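S.K.: Chains as they are written, first to last, in the working numbering: chain A, 12 to 322; chain B, 709 to 1330.
Mixed in with the good hints, there may be bad ones.
[Claimed, not checked] Pairs of lysine-lysine, DSS-like flavour, derived with a Cα cap of 27 Å:
#, chain 1, residue 1, chain 2, residue 2
1, A, Lys274, B, Lys1167
2, A, Lys145, A, Lys274
3, B, Lys1087, B, Lys1188
4, B, Lys1262, B, Lys1167
5, A, Lys122, B, Lys1248
6, B, Lys984, B, Lys1018
Read the hints as simulated data drawn from the structure, not as lab findings.
Quantities reported herein were computed from a predicted structural model and do not represent experimental measurements.
Below, each chain spelled out in residue letters.
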Amino acid sequence: MEFFSHQTSYPFMATRKVWYTLSAVLMVVSLASFFTRGLNLGIDFTGGVSAEVSFPRAVNADDVRTKLPASGFADPQVQTFGSARDISIRLPPDAKQTATEIRARVETAVKGVDPGATVAQLAVVGPQVGNELKVSAAWALFFTLLLIFGYIAFRFHTWRLSAGAIFAVLHDPILVLGFFSLTQMSFDLAVVAAILAVIGYSLNDTVVVFDRIRERFESNRRSPSDVILDQSINQTLSRTIMTKVVTSLVVVALLLLGGAVLKGFSAALLIGIIAGTYSSIYISSAIALDFGLTAEHVFPSVKKAALDHLP
Amino acid sequence: MLEYARWKYVLVAAVLLLALLFALPNFFGEDPALQLARKDHNPVDANASQTVEAFLTQRGVHFLKSYIDSGRLMVRFANVPDQLAARDAVNEQFTTTYITALSFAPRTPEFLRALGLRPMPLGLDLRGGLYLLYQVDVNAAVAQALDGYAQSARRALAAANIPVTDVSAVGVGTDKPNVRVVLPAAADVNAARNALNLPLQGLSVSTDSLASGSAITGVLTTAQIRERQDYAIQQNITTLRNRVNELGVSEPIVQRQGIDRINVQLPGVQNSAEVKDILGRVATLEWRLVDTQDNAFEAQQTGRAPLGYKLYTHTPSGAPVLLKREVIATGDELTNATTGTSQQGPAVNVKLDARGGDSMLKTTRQNVDKPMAVVLIEKRRETSEVDGKKVSRDVTDEQVISVATIRGIFSNDFQVTGLAAGEARELALLMRSGSLATPIYAIEERAVGPSLGRENIDKGVNALIVGMAAVFIFMAIYYKTFGLVADLVLLANVVLLTALLSMMRASLSLPGIAGIILTVGMAVDANVLIYERIREEVRKGVSPQAAIRAGFEKAFSAIADSNVTTLIAGVVLWVFGTGPIRGFAIVLTLGIATSMFTSLMGSRALLTLMYGGRRKLARLSI
Chain A
12 MEFFSHQTSY PFMATRKVWY TLSAVLMVVS LASFFTRGLN LGIDFTGGVS
62 AEVSFPRAVN ADDVRTKLPA SGFADPQVQT FGSARDISIR LPPDAKQTAT
112 EIRARVETAV KGVDPGATVA QLAVVGPQVG NELKVSAAWA LFFTLLLIFG
162 YIAFRFHTWR LSAGAIFAVL HDPILVLGFF SLTQMSFDLA VVAAILAVIG
212 YSLNDTVVVF DRIRERFESN RRSPSDVILD QSINQTLSRT IMTKVVTSLV
262 VVALLLLGGA VLKGFSAALL IGIIAGTYSS IYISSAIALD FGLTAEHVFP
312 SVKKAALDHL P
Chain B
709 MLEYARWKYV LVAAVLLLAL LFALPNFFGE DPALQLARKD HNPVDANASQ
759 TVEAFLTQRG VHFLKSYIDS GRLMVRFANV PDQLAARDAV NEQFTTTYIT
809 ALSFAPRTPE FLRALGLRPM PLGLDLRGGL YLLYQVDVNA AVAQALDGYA
859 QSARRALAAA NIPVTDVSAV GVGTDKPNVR VVLPAAADVN AARNALNLPL
909 QGLSVSTDSL ASGSAITGVL TTAQIRERQD YAIQQNITTL RNRVNELGVS
959 EPIVQRQGID RINVQLPGVQ NSAEVKDILG RVATLEWRLV DTQDNAFEAQ
1009 QTGRAPLGYK LYTHTPSGAP VLLKREVIAT GDELTNATTG TSQQGPAVNV
1059 KLDARGGDSM LKTTRQNVDK PMAVVLIEKR RETSEVDGKK VSRDVTDEQV
1109 ISVATIRGIF SNDFQVTGLA AGEARELALL MRSGSLATPI YAIEERAVGP
1159 SLGRENIDKG VNALIVGMAA VFIFMAIYYK TFGLVADLVL LANVVLLTAL
1209 LSMMRASLSL PGIAGIILTV GMAVDANVLI YERIREEVRK GVSPQAAIRA
1259 GFEKAFSAIA DSNVTTLIAG VVLWVFGTGP IRGFAIVLTL GIATSMFTSL
1309 MGSRALLTLM YGGRRKLARL SI
């Protein structure tokens, strides 16, 4: 079986204005949402209390919500997750109370709704831990980007290709952030891990395409750049799609079967993989072309010996 | 012809066989188990295990097998009710000998365990348990050190009859914490500096003149501050470890995290209130003289101690001792207790502050060649249910941790000798746990119920099986025979990854399982790159065997390149992440290595074996 039984020849370069526009719109929407709505940060970052309570029978979230203020919790967020028997409770950080006290009071409150209720999971994160995690997540993001930029500069000898790769590296995580901002899904540490993985993967396809561009330029120095770029993307298209379909298969399995804990993580990966595939096919090479990429940039010193290899 | 060097075949086969062996323990599952540890920390011996087995049989409790693992007895059961029945029976019968803990024991066969092979330990999110992150108040540790200096300074100045306006600890929390001695104009500054030579030893001392007199400042150096902080954290870790051991938790973790944090992981523990009562105990030490005239055994029998003495039954030798009521020095006055060596072998070096030193000097002058004892006193809150109501009461445990003869006159710096190496370490630890504790408080607490842990494992394993099955079927359809080869290679990759993780004893968390699943997805990439290349070559009309060779050779640079970027992300996560996130990073990073190995070497070996020898190969099933 093959997705493309014959070598495809889609005109990616000729239609690039369309794809630029699509990317621009998605990025603007993502950034606008990120800066106006922000992210729904999980307690990893804000500090606070998160409890998951299992009830022996279906329970109304409102019942739990009304019980909590009586136990001294002013601003509880209560929602069901998974099934109607599982409730998640989030409380703002409170420096004055110890985790043990909070736990005891949450337990009292939920047992008031149903004596069979049990606290399946409780996390109390002090505000200073939350702040530190925010800082270390930001550093992790910064260092990943820095190292990847360094790698790109070292790997592609011309800044025209580097510019295309850097764009892809920024494009994909921005769309993931936009997705999390628009849907207001909880943004926790696992999502940051997923975004770093996405940054790694995103470049993966671009590198393979660029590898091919170099190879094509080497064997075909006289063809115009847009032809070479189109050929390179088309020749690697089968591999790009295939790899991403397979990776998406496992990520979808994670999303559907991995449970609530891995939901944000796998959603971030899925969005990132889709964005990454899109940017490496439609955007990163096109940018290099618009920066005037030619064979001369990829192989600055023309040697006769190289020409002898021409078919 | 397609060829592959013989040593490469051997390497691939050897690595995979080893990997299979190391990964094997993970496939046997776990049984409910009861862990028995001796209260006196001695290892459990074979005799004891026979006693326990005989007792369980006599009580009619069914058990599968018992074995001794790092000095603890593990008894395995077929089901949880048996496990609980056994715990109740053992607790009733052996309450003074053993601390019991409910646990899980891997069903690993004997011969694998004998080789030291174990399954990956499961993280708290998969096992259920309690995670606590403690913040150590290192500023308080510095303040305690400064107070000690200030106190010594006051004494020294008083002893030298030098008038003082004020002695105080200043600048705690800044980078220049110091002791400041303010003298009135009438005071002799030089005499004061001389008097302070000894008490402020080690500090960088400076003198400046004020309008109302002068001031002598002793600043703690950065190295001293760090030493103080490290001491405070080590002391708390020691204390926490001792207490965690008493909880009877199987495989607890108490470790330093960062500069001033301690992270405690207690698998299987649910009740955080009880745990924190025990962990939050206050301990102190007392040095007292031993009564050498009266008979302690007699006092134990009659239950009456002579006037002015107190009877202690919890001692290192097991024999009761009578101690004088007067306390020579307390844990608050202990500044350090470390292991060292003396002419008589291992020893504990003890340092007291000035007050403790003075008192010790007075006592030892009059009592050379008489025995002196150290008592560790721990106060804890015990909660029990009486008539359905929870009643708390404070309990004091007193334990004599050392009895030694005073060999000479000493004050604030002395040695306890005549110990075995293990005893010296133990005594130093116990002394430290009774010295003035630096306050700690919990800043993060996560509890995962055991049923949720089970659920998380099931979900993770389900996702892994379904994801892998989907990939396998897809590859087989898409690449036919080559797809099946890729499937085998992927399976080998998972086995290799599991083996590496088991060898590293890295604990597996839910994000870790996600990392394994992701690795399967990503490892396909290398195969796809190779196969697509082979297809391209075949399309060009290259002979099948040459196409395979060209496929591997031409795909190599793309595979290596595309993995570097993921490697970068993995390593950064490893450095910055903690807990489960670090687990994910480890899996991600190792997964890149294993997938490179299996898809480049493993699949090439397999394909060469399949197609290499055939002279007439018309086409490839790809």
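S.K.: For lysine 145/A and lysine 274/A, compute the direct alpha-carbon distance and say whether it is at most 27 Å.
M.R.: holds, 20 Å
S.K.: Given the hinted pair lysine 274/A and lysine 1167/B, is their Cα-Cα distance within 27 Å?
M.R.: holds, 12 Å
S.K.: Within a Cα-Cα threshold of 27 Å, do lysine 1262/B and lysine 1167/B meet the stated pairing?
M.R.: violated, 39 Å
S.K.: Keeping to a limit of 27 Å between CA atoms, is the pair of lysine 1087/B and lysine 1188/B held or broken?
M.R.: At roughly 71 Å apart (the allowed maximum being 27 Å), lysine 1188/B and lysine 1087/B break the hint.
S.K.: Within a Cα-Cα threshold of 27 Å, do lysine 122/A and lysine 1248/B meet the stated pairing?
M.R.: Outside the cut-off at roughly 72 Å; violated.
S.K.: Hinted pair, alpha-carbon criterion (27 Å max): lysine 984/B, lysine 1018/B. Please report holds or violated.
M.R.: Between lysine 984/B and lysine 1018/B the Cα gap is close to 31 Å, so the pair fails against 27 Å, i.e. violated.
Taken one by one, the earlier hints fail for this structure at numbers 3, 4, 5, 6, listed in ascending order.
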